[in-house]
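From the two separate chains plus the hints, produce the assembled complex.
Here is what each chain is made of, one letter per residue.
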Amino acid sequence: MRLFDLSFRVKLPLLGAVLIIVSALGVSSTLMIAAYGALREDLRLNSKVLGQALAPSLLQDMLHDDTWHAFETVSASTRITPDASPLKAKTLLVVDRALNVFVSSHPKVAPVLVPLQSLGSEYAALADRIPAGNDTETRAIELPDSSHLYILTPIADDHVRFGTLIIVVDKNFFLPRFYTIAWYGLLAGLLVLTLLLPINWYWGRRMALPLTQLTERMGEISQRLPASLDPEIYNYGDELGRLFNVYNQMLVELKTKTELENQIIQSERLAALGQLAAGIAHEINNPLGGMLTAIDTLKCHTDIDPQTKKAIDLIERGLTQIKDTVGALLVEARLKSRNLAPQDIDDVMTLVMPQAHKKTLRITTRNELRAEVRLPATLVRQILINLLLNAVEASLAQGIITCTIEAREGFLYLLVTNNGRIPSSEQLSRLFDPFFSQKDNGHGLGLWVTYQIVNQLGGKITATKEGNQMHFSVEIPVEASQ
Amino acid sequence: MSGISLPVGNISSATGWKSTLFLNFCVTLLIQFSSWAVFAEQTEPPIRFGVTPAIVHDQYGVLDDWRVYLERKLQRKVEFVSRDSYRDTIDLLKQKKLDFAWVSTYPYVYLTQQGYARLLVTPLYRGRPYYSAYLIVPASDTQTTSLLQLEGKVFAFADLYSNTGYLVPRHFLRSAGKDENHFFRKTFFTWSHRKVVMAVAEGLADGGSIDSFVWDTLSVIHPELTSQTRIVSKSEEYGFPPIVANTAVSKRDSIVMRDALMDMGKDLDGISLLKKLNIDGFIPGNPKLYENVVKLQRTFGEP
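So the protein sequences, as listed, match chains U and S. Each residue of the first sequence is one higher than the one before, starting from 1 at the first, in the numbering used here. Each residue of the second sequence is one higher than the one before, starting from 1 at the first, in the numbering used here.
Pulled out of the complex, with its shape left as it was, chain S reads as follows (with noise of 0.2 Å):
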């Protein structure tokens, strides 16, 4: 046992300075973390950005090389979300849950009224801050010249709060003095525009309206998809889906995003996302761009 005891002892009473320099040396690190720690609170929350069916929103590859760019660019973390029906973005916007939104027509107009966002940015397409409705048939049908024709027939909506492909169709029936409601003998939502074009192209519905941009977008990336439908009438011009940002968001974050979106032009990867994501640029949003719909939501509410 002493043999054991005697070198304890030795140890104890050699660590004895070297004890008071290991403390020190803890004392150092836990002033280090706690300072760590204060700058971790200090730094920002990502910025979360909801993304639609507005746009063709399941390109992920470019979305994520947007989301890239948009993070150097911001030097903050950019989050994405994607979400399939407008009415889930909404939600998210309403509580507060996105930063800012790229969303279709109706639901600014709804987001805006309702005070949940501000108009950010419109894009630019084909120089234009412009889009349309399609009405849109299988291919194999070369008779349909009109929406009317399709009485009775099965008609495919992409969502409920979107205003090509929801709204414009029925304001069409409307003014021709159909009921919209009973006019078509089977109609569902496909929760996308690309999925209006499946839809059609399938044959499950005889018709459908869906978003100018998507469709030609669409046909620019799967043209074996749209070649399968045929493209019947176009709508009236509507302002271009916008970017939101939501009001509960600064206005120096807003400024600073507005002008990253808008500034995409100027460099060369921002060129290259704004070719993939088909658009020609950003210019800040006017809300007199967006008053044809509103005309239309007044004349059928919320739905």
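Chain U with its partners taken away, still in its complex shape (with noise of 0.2 Å):
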């Protein structure tokens, strides 16, 4: 797994975090880079400014020969305390013009007389760098692969030079004060990261918490319609809150246009079903018509024998059952009728009730129509009928079905609800079709009727199931009145 292939989760704190850590660094780098740089030139300016103090006495001590005011003062910078003082001095030396020690802090090292090229490599080196002239200028001298740095003072008067006072420091004297400033600067810097990892690391698993809830979900898409994202998760207005936004409109569009899809296959499979079974009908009625013709006319003999009588009654039997049945496919809505009134829902009621009764349900209506729907009564009230029975079918004893019938803008509403067997939502989906039954008797054409009456009178049916309820709505378009 490549680095950038790693869960936001984990990048964006880890990117954060590096950045914080980077950016702690950069600064306090620069910061004892310019510390560091800072305390390397206080060393050579203080030496130079103790050089120049020192010189003008010096100069009165080798005029007057004075060793010993010349020892007390070069071996007095030396013993200053390195915490009372920016400066500390190894050693201080005073040549003459001949570079023969004058004298020295340290006699024992540098004693007096001694010629300055003899105490060792450094000091030859330094030696040859003393300018011979009377030049009065104060030099800082470093010499590769020395760990000391050399301040050359002129003890020179009128531009008359007497000799030459050798400050010899530590080049690294500073570096105790630069490792306390290093310290401190160090603490800081992990004073900030304690305070702003932690901060970084809930920030950035804040943001790609929505981020990663929202990649999973999209990832369900293409099984199922996955759940909708809690919008309290990420309740901001940037970007990521408006993805969430339009992820859960997305959501919604996505599942109308399902079920609008859904709507449109079964009405499509449905109006197939209806042209097929209205062809069929029409082709059987036509024969049939014929036959039961025919034997109306043989009955009329009145020379058939009993037995043969019996075989007419036997077939005019079947050929009417085949005939109902046939009709009952064959919805036929362009039935003239008058207009449904208010009175025709309390017959329907009147009728439905020995039906109820005999299972102990209730029934509760609310019919809001005070006064006639321009809708042929006949077919509303065998609509009503075949879903209150159908209700009274599916209930168990001592339901509950409720019954609301309202006319408002131009539509007239039906709603039956009942409790009790709910079918599932692949019995759903084929709940309309012809001979589909979920009782043990019945032909199972009640719903596929009702669903054609609806169809033909312009309106929609729809049901639909909430927790253990099963709602039956219907929408019939009432004709405008002239």
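Don't take each hint at face value.
Listed next, the in silico EDC-like pairs over lysine to aspartate or glutamate satisfying Cα-Cα at most 20 Å (straight line) [unchecked claim]:
1) U:Lys108 with S:Glu202
2) U:Lys90 with S:Glu202
3) U:Lys88 with S:Glu202
4) U:Lys108 with S:Asp141
5) S:Lys153 with U:Asp96
6) U:Lys171 with U:Asp96
7) U:Lys257 with U:Glu268
8) S:Lys186 with U:Glu137
9) S:Lys234 with S:Glu180
None of these hints come from the bench; they were simulated from the model. Remember, predicted model here, so these are calculated numbers, not experimental data.
Next up, the structure:
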């Protein structure tokens, strides 16, 4: 797995942490380099100042050959405690024009009158760098591979050089101070890191969590419609928050689209079935009509023996049953009928009540119709009877059926609700198919017929389940009154 | 305006008798002040006491205790005047700016010969009024057994007017047939016996000559310093550096001072001070003690 393939949950906090650490290191190392440079410059400057401060006094000592006073002067500068002063010279040497030691702070190492060249390779190299003429400039000299810094201050008056003061300083004298500064810098850096890293970690995960959830949900889309996201997870108006909203909106639209597709499929299927059924019914009805007329004619003949009459009756009953069945399949809505009146609803209830009482069910009716509705009363009554009988059939004993009828805004609405046996989703999609029945008796044409009637009236019927409740809702457009 | 002038008039009239009283008071004060002034003029000036590097003269705490002690004994203000070089103290005595001084033996000889000062008391050191010169070398030098081995070396002297710190080693060299002016490669003065010890201890000088009393005192109060040096040889004994009185000082004052010094061994404070000064007491000065110094001085003349 490559680093950039990692989850945002890890990558964001990690990236933040790396950025914080890099910035902390960058800032602190810049400061430390600056501090190092400043301390180093201080050392040179302080050494030069020390040299220039001592030179006039040492000049007098050289002129008066006052070795002791010169010694007191140079040795005092090496006895300053490092804490009290930004500079502690390691050694101070005064050499005369011939480069012999006039005095030194450490006579045991550099005794008086000894030539500078004989004090070791560094001093020998230094001796070559001391200008021979009356040069009166203070110089800082760094010899290669030496741990010392040499400050050469001329001991001169009126441009006549009598000797040279050599201040030897440890090049790294300021290192302890530098380390102290660096240590404080490090502590401050660590403090900042301990504060920022947890914040960064929390924030990074906070950012990544919605993203990962979104990714997981999106991944599910190909298999099924995923659940919507809890907007509380990321309740802000930035791009991520907007992505959340867009996602949820997309889910709603997807859901609607799927439902619509299902409805279309179902209605197309039912329409095709309707056409097929109607076609078959017509094909059967034509010969059937002929057969029934023929039997009728046959029955008018009186000279038929009782055996034959019995057979003719049998055929007639059979053909009549076929006619009924075909007639049921072939829903004819273009039936002329009177308009629907509020009284029709009460009639339907009266018709259904005995069935309901048998199962000790309770039917609550809310009839909002106050006037006639311009819809064929026979068909609406049939729809309502079919739905109510279906509800009675599906209900368990002592169940409750509610029925609402209302007409508003140019539509008639019927709503029948019952609890009891609830069809599965699979069954729900085939509820309006002909000969689909959940019960042992019955031919399974009730809902089919209802569907056909509603369809022919230009309305819509939907069956939905909600918990252990089943809703059938019908919506039929009412002809506008002239 | 009238409102203001009225009370003013009132005051001036009311203070008439009061101002007479005030005048009387002022006159009384004036008389009082003038009598005080007369008293102040009569108050004796402080005794000025010179100290030199002949003793460990930078023990300022001890010197201050001694000053307070003498003030109590003499019932007079005492000022201690410390100078690093003998020449400075000699000059102050010459100019009568010092009443008494604790000087080295050579300045004593010089001052008495010139009539600037007279011998007052001689301290007793280890029960006797004598001291000597020590030839010291750095402790790391374990070879040197005589001054003659330091030829061509760097040598530290204490003072141009010092007996043990200058005259004695030079006299030794001259007696050994050496040219004392060219024997050493380099010499320098530290203007203090104590600093001779420091110069030798630090290795600035290969050798030095020093007052035995100073070295012995230092070995008690600063053993870490003297332990860095080694005594090679001790000279013959000389009279201990005395306390002299300026010839300008009255006999009476001299006697009072002499008695105060000689009585130090008789009270606890005095004994404690003597202990700190590392001496046992004072005896009346006797010029005979310093005859061998006079001889040296005659050999070399005034520096």
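These are the hints, each one checked on the structure:
For the hint linking Lys108 (chain U) to Glu202 (chain S), the alpha-carbon distance of about 7 Å falls within 20 Å, and the restraint holds. Between Lys90 (chain U) and Glu202 (chain S) the CA atoms are separated by roughly 16 Å; this keeps the pair inside 20 Å, and the hint holds. Taken as a hint, the Lys88 (chain U) and Glu202 (chain S) pair is honoured in the structure, with Cα atoms around 19 Å apart against an allowance of 20 Å. Distance restraint check for Lys108 (chain U) and Asp141 (chain S): the Cα-Cα separation of roughly 12 Å lies within the 20 Å cut-off, and the hinted pair is therefore satisfied.
Taken as a hint, the Lys153 (chain S) and Asp96 (chain U) pair is honoured in the structure, with Cα atoms around 19 Å apart against an allowance of 20 Å. A hinted pair counts as satisfied when its Cα atoms are at most 20 Å apart, and Lys171 (chain U) with Asp96 (chain U) does not qualify at roughly 25 Å. In summary, the hint linking Lys257 (chain U) to Glu268 (chain U) is supported, as the alpha carbons are separated by about 16 Å, within the 20 Å threshold. Between Lys186 (chain S) and Glu137 (chain U) the alpha-carbon distance is near 30 Å, which puts this suggested pair outside the 20 Å criterion.
Of the pairs offered as hints, the one joining Lys234 (chain S) and Glu180 (chain S) holds, with about 18 Å between alpha carbons and a cut-off of 20 Å not exceeded.
Consistency with the previously given hints fails for numbers 6, 8, ordered from lowest to highest.
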